[in-house]
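A.B. asks: Protein chains in written order, with this note's numbering: chain A, 2 to 213; chain B, 76 to 553.
Treat the hints with care, since some could be wrong.
What the hints assert, rightly or not - Derived, one-sided and incomplete: chain B residues facing chain A with beta-carbon distance under 7 Å:
#, residue
1, Gln221
2, Gln223
3, Ala314
4, Arg359
5, Met361
6, Val368
7, Phe494
Said to hold, decoys possible - Between beta-carbon pairs, the in silico distance windows are:
#, chain 1, residue 1, chain 2, residue 2, range
8, A, Asp47, B, Gly549, 57 to 67 Å
9, B, Ala137, A, Lys6, 54 to 64 Å
10, B, Thr184, A, Glu72, 20 to 30 Å
11, B, Gly549, A, Glu189, 41 to 51 Å
Honestly, the hints are just simulated from the structure, not real lab data.
The beta-carbon is built from N, C-alpha and C at its ideal position, and this holds for glycine as well.
Chain by chain, the residues:
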Amino acid sequence: MSDFKGLTEAVIKGDIQTAVAETQTALDAGANLQDILDKGLIAAMDQVGEKFSTGQMFVPQMLRSAKTMQECMKLIKPLFQEDELATKGKVVIGTVRQDLHDIGKNLVAMMMEGAGFAITDLGVDVSPKDFTQKAQEVGADIVAMSALLSTTMPAMRETIEALQEAGIRDKVKVMIGGAPVTENFASEIKADSYAPDAGSAVIAAKKLLSIS
Amino acid sequence: MPMRLPPYRPLSPEDVRKIDQTSRRILERVGIRILEQSHLNILKAAGAIIDQSDQKVRFEAAWLDEILARAPSQFILYSRDGKNDVHLGKGKVYFANGGRVFRILDMGTGGYRLTMLRDVAHTATLVHCLDNISLYIIACQAHDLQPQHYHLNDFYHALNHTTKHVMGGCDSREGAEQMWELSVFIAGEEEELREKPFVSVITNPISPLTIDGNTLDILSFCCSKSIPVTCAPAPISGATAPATLAGTLCQMHAEALAGVAICQVFSPGAKVLYGAVPTTMDLRHMEYTMSSVEMAIMNGAAVQLAMIYDFPIYASGGVTEAKRPDIQSGCEKTFSNLMVAMNGADLIHLAAGMLDSGNSISYEQYVIDNEIIGMINRILSGISVNEGTLGFGVIEKVGPGGNYVMEDHTIEYMKEEFFYPDLSVRCNFDIWEERGRPSMLSRANDLVDEILDDGREGLLDTDLILEIKKKFPGIQNL
Ligand code: B12
Chain A
2 MSDFKGLTEA VIKGDIQTAV AETQTALDAG ANLQDILDKG LIAAMDQVGE KFSTGQMFVP
62 QMLRSAKTMQ ECMKLIKPLF QEDELATKGK VVIGTVRQDL HDIGKNLVAM MMEGAGFAIT
122 DLGVDVSPKD FTQKAQEVGA DIVAMSALLS TTMPAMRETI EALQEAGIRD KVKVMIGGAP
182 VTENFASEIK ADSYAPDAGS AVIAAKKLLS IS
Chain B
76 MPMRLPPYRP LSPEDVRKID QTSRRILERV GIRILEQSHL NILKAAGAII DQSDQKVRFE
136 AAWLDEILAR APSQFILYSR DGKNDVHLGK GKVYFANGGR VFRILDMGTG GYRLTMLRDV
196 AHTATLVHCL DNISLYIIAC QAHDLQPQHY HLNDFYHALN HTTKHVMGGC DSREGAEQMW
256 ELSVFIAGEE EELREKPFVS VITNPISPLT IDGNTLDILS FCCSKSIPVT CAPAPISGAT
316 APATLAGTLC QMHAEALAGV AICQVFSPGA KVLYGAVPTT MDLRHMEYTM SSVEMAIMNG
376 AAVQLAMIYD FPIYASGGVT EAKRPDIQSG CEKTFSNLMV AMNGADLIHL AAGMLDSGNS
436 ISYEQYVIDN EIIGMINRIL SGISVNEGTL GFGVIEKVGP GGNYVMEDHT IEYMKEEFFY
496 PDLSVRCNFD IWEERGRPSM LSRANDLVDE ILDDGREGLL DTDLILEIKK KFPGIQNL
């Protein structure tokens with residue numbers, strides 16, 4: 002079977018059920034794994050990216066497509082060798098201490114997940130200690146923090162200090178964002194990266210880990 | 076001038092009924108998540124159904140009605156001098172500025188900067204002097220204040236710069252206590268403040284369907300002291316609420332009713348405003364859109380929903396995504412303020428000063444919005460039709476071919492019939508050139524300078540100020 006039309010269409014539509022069934026059919030028919038991935042799933046996501054950038058698709062549709070791809074990946078992943086299919090990077094994300102705003106943070110997490118990062122979402126009101134512990138526990142590549150209150154921004158600095166104290170600051174990259182956060186503030190507290198919205202957060206994260 | 080019949084209703088009576096029923100079903104079946112055991116216990120003792128496993132409170136219909144029946148349908152947000160009392164529930168529309176931004180567009184420098192304590196004082200002075208803004212909401216974060224005496228300071232400087240009613244958010248119960256102690260001291264007696272509260276407090280649930288323990292601590296404290304409150308849901312269509320206007324309204328109405336009900340459990344008869352801050356997301360790129368035209372429609376509809384229960388409403392209007400006072404800010408602000416006003420909202424907050432999706436303010440925007448609201452008030456007062464205004468007598472007198480310029484009739488009616496703007500440019504072209512080509516914005520800038528240069532420092536009595544400072548050493552000078 003060399004035609005993945007049904008699969009690509011289902012991914013573009015964000016139709017999880019059909020896409021997973023199509024993947025299973027392809028596997029059962031003995032299709033090449035790399036082909037399912039490249040000509041089926043990735044080809045679909047390329048089209049999604051194209052449609053999104055020309056305004057034919059909106060963010061919820063794009064996220065649904067990414068989610069659909071991930072569900073299909075669950076079937077394919079176990080069949081690949083461990084190192085053939087590494088995830089893009091491990092990200093621990095949360096909204097900082099005393100801040101309960103999570104809409105922007107959730108969007109960033111969804112977009113990054115859609116782009117292939119492994120996300121651990123700690124939710125809101127996350128203390129420096131919790132960020133640090135989780136980062137250690139999962140071996141995070143990136144710690145991503147969100148703050149929507151100018152008064153909770155100092156907690157970002159404290160979290161970076163906590164990472165330092167735990168001796169893992171040089172192992173993780175720190176990304177920050179949220180409406181009151183600025184590029185200047187990021188360099189002031191020595192964060193590695195700032196991004197103004199979810200789309201650019203993905204690009205920035207890839208850049209931090211030197212992946213394309 | 077009295078308001079006439081509201082001419083625009085986004086929902087039919089049947090729509091209103093369907094939304095209300097759905098909201099009640101949400102409250103009964105889905106419930107509200109409350110993240111604090113002590114409050115769940117209080118609600119349980121009062122008769123609510125508690126799902127202990129997932130920390131949810133559910134409101135059975137008969138019980139909900141019994142609790143909601145305790146809420147007042149009218150009350151007054153008092154000014155300190157009695158000149159600007161806000162009579163809620165009397166069919167009159169009042170406007171307030173918007174609160175708690177972190178950034179200001181500084182026309183002096185043309186750039187943005189963080190807001191400071193002096194901006195609290197200056198915006199309070201602006202509201203004090205602007206006739207169409209009826210009460211002051213603490214406008215911004217004072218970044219030069221330490222957290223421990225935060226609300227002591229922002230309320231003090233607000234109260235010292237306006238005699239209008241002062242509303243504000245409080246970060247914690249301790250913050251609300253500081254604000255209350257200060258207010259009692261200014262009132263003279265606790266009873267006095269209880270009788271005529273000149274301060275009130277804003278809180279919000281977390282959409283969808285969640286209320287934080289800290290928020291409930293603040294509400295329960297304020298209700299126990301008879302300080303008016305609102306617990307105003309801010310659902311975002313397409314993000315924290317369904318991507319349909321009706322669905323967002325169902326969820327918002329459920330959250331708003333829960334807020335009112337919980338306050339009535341805390342203190343029967345508590346002065347609470349039904350709150351509404353429904354907004355939207357631009358789903359093309361997930362840009363938060365506070366000032367979409369759908370926001371205007373939903374806030375208008377929210378007024379209809381509050382009216383079924385006869386609750387005074389704290390609705391929203393006057394927001395914009397524009398980063399400067401410009402064409403976009405002008406039309407976005409006008410749409411929502413007008414639409415919500417035409418639906419007869421008791422109080423429209425965010426109505427003045429806001430820019431940049433609720434993140435920023437500018438002083439100039441305060442005076443511009445004051446003028447927009449002036450025009451809206453003129454629209455609300457409608458066309459007065461009576462023997463005198465029909466003017467048969469003067470029409471007969473002037474007859475065909477004459478003019479009305481010097482007639483008694485003109486002089487009698489000219490002041491009350493027309494709205495006279497301060498900022499709109501109405502002069503002819505040559506005069507406009509002569510005057511250096513003014514615009515609404517340049518004139519707003521001049522008016523701001525005039526108001527703030529006038530040295531209106533310290534409205535509180537000097538002796539009282541000294542006593543306050545002795546009693547509350549945490550107060551900082553400007
Ligand atoms: C919705 C909202 C709420 C909701 C939150 C619901 C929720 N589940 O998050 C509720 C009503 C609960 C709320 C509560 C409060 N809020 Co509020 N809130 C907002 C509002 C209107 C929108 C925020 C939002 O969701 N935007 C939409 C998302 C998509 O955008 P975003 O968060 O900016 O995220 C984008 C980027 O910033 C970036 N990004 C975000 N995070 C990250 C992280 C990384 C790593 C990266 C790279 C990028 C990134 O990407 C995102 C997607 O593009 C803002 C005003 C505004 N326009 O921002 C006020 C605002 C932030 N709130 C404010 C305030 C004051 C409060 C309260 C204190 C109010 C009160 N009761 O007094 C409480 C505080 C509660 C607490 N302890 O946190 C102020 C803050 C002022 C300040 N000092 O900074 C604001 C500016 C509004 C105002 N003028 O009052 N709020």
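A.B. asks: Now look at each hint and say whether the structure bears it out.
C.D. replies: To see whether the hints hold, each was checked on the structure:
1. Nearest Cβ of chain A to the Cβ of B/Gln221: about 11 Å, over the 7 Å cut. The hint is violated.
2. Using the Cβ-Cβ criterion of 7 Å, the hint placing B/Gln223 at the interface with chain A is not satisfied: the shortest such distance is roughly 13 Å.
3. Proximity of B/Ala314 to chain A holds as hinted, the smallest CB-CB distance being about 5 Å (cut-off 7 Å).
4. Against a cut-off of 7 Å between C-beta atoms, the interface hint on B/Arg359 holds, since the closest Cβ of chain A lies about 5 Å away.
5. With a least beta-carbon distance of about 4 Å to chain A, the hint placing B/Met361 at the interface is held under the 7 Å criterion.
6. The beta carbon of B/Val368 is not positioned within 7 Å of any beta carbon in chain A (closest approach about 18 Å), and the interface hint is therefore violated.
7. Because the smallest distance between the Cβ of B/Phe494 and any Cβ of chain A comes to about 36 Å, over 7 Å, the interface hint for this residue is violated.
8. A hinted range of 57 to 67 Å for the beta carbons of A/Asp47 and B/Gly549 is consistent with their spacing of about 60 Å.
9. The beta-carbon spacing between B/Ala137 and A/Lys6, approximately 57 Å, falls within the hinted interval of 54 to 64 Å.
10. Judged by the Cβ atoms, the range 20 to 30 Å given for B/Thr184 and A/Glu72 is violated: they are separated by roughly 52 Å.
11. With their beta carbons about 28 Å apart, B/Gly549 and A/Glu189 fall outside the hinted range of 41 to 51 Å.
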